[in-house]
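K.L.:
Sequence:
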Amino acid sequence: MLKALNFSNLLSFDLYDLARISLQVFDHCPSHRSTLLPFVEDVRESLQTYELTFQRRVISSVMERKTLQASKRDEAYIAFVRFVEASCHRLSGKHSVLGTELLSVLQKHTWQSNNDGYQRQITGLPRLIKELDLYHLETIEQLGASDWFDELVRAQNDFDSLSDEKKIGAFKEISVRETRPLLENALRSLFWITDRLYQSAPDEDLGKSVASLNSVVRKLTTKVEREICSEVFGKMSAMGS
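Last residue of the sequence shown: number 241 in UniProt numbering, and the count goes up by one each step with no gaps.
I should point out that these hints are in silico values taken from the structure, not numbers from a laboratory.
One thing to keep in mind: the hints can contain errors.
List time: in silico BS3-like cross-link candidates among lysine-lysine, alpha-carbon distance up to 30 Å [said to hold, decoys possible]:
1) 3 / 219
2) 130 / 72
3) 223 / 208
4) 130 / 94
5) 72 / 108
Simulated DEER-style distance windows between Cβ atoms [claimed, not checked]:
6) 215 / 141: 37 to 47 Å
7) 20 / 86: 26 to 36 Å
8) 108 / 157: 19 to 29 Å
Given the structure is predicted, the values throughout are model-derived calculations rather than measurements.
We treat Cβ as the ideally placed atom computed from N, Cα and C, and that holds for glycine.
Just need the whole structure built from these sequences, with the hints factored in.
P.N.:
Structure below.
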């Protein structure tokens, strides 16, 4: 089984390494090639576009924070949507009805799509949040989804704050803002189909690929944890001095 990974914890260069290594793993995996090929090629194409970011420049600290916050916002959105989707399948009739009602609102907006342009991405989610806040808060509370929605709202507010922190040239902003979500979505899809294939029909070759990916994810996760600990200890030392 593939280890879960929160993409918002990865710096831009870590995401690049993850995609590059993932392609190497699947290029040498003979199992389920016809099924996996479209997903692998989607990652390859997204990585080529993403790589242009690094060829043009080193990402500024402000842009890096913006990109990571956008990723955190995307993760919060995914978590909220999946909670609502899961609620539609509750045995409790009340929760099933509430979940179906909320899901119809989410499907109406469908703000996060690989085909969405930059302007639609930055305006679509605020419109969705506003509609939910004005007309569906009671439904969210009754469903037990308040914590998930609050996390989404906070993530969007934090992103908006960074957007106001410093105005960056539109060309640079769009290049970074559009390429990372595309690559993240491509990797999510590839990992998802790989995990489903391995659980439904496990074989040795696919198992080796899963083990290799888990090793990469484990190393990246450990790196993130070390960086977080270092940051926390640094703040504690500063407070004590």
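K.L.:
Hint by hint, say whether it matches the structure.
P.N.:
Each hint tested on the structure:
Simply put, residue 3 and residue 219 have alpha-carbon atoms about 11 Å apart, close enough for the 30 Å limit, and the pair holds. Under the criterion of a C-alpha separation no larger than 30 Å, the hint pairing residue 130 with residue 72 is consistent with the structure, at around 19 Å. Among the hinted pairs, residue 223 with residue 208 is consistent with the structure: their alpha-carbon atoms are about 23 Å apart, no more than 30 Å. Distance hint between residue 130 and residue 94 is fulfilled; the C-alpha atoms sit about 24 Å from each other, no more than 30 Å.
Taken as a hint, the residue 72 and residue 108 pair is honoured in the structure, with Cα atoms around 22 Å apart against an allowance of 30 Å. For residue 215 paired with residue 141, a C-beta distance near 42 Å keeps the hint of 37 to 47 Å intact. At roughly 33 Å, the beta-carbon separation of residue 20 and residue 86 lies within the given 26 to 36 Å, and the hint holds. Range check, residue 108 to residue 157: Cβ separation about 23 Å, and the 19 to 29 Å hint holds.
Every hint from the earlier list agrees with this structure, and none is contradicted.
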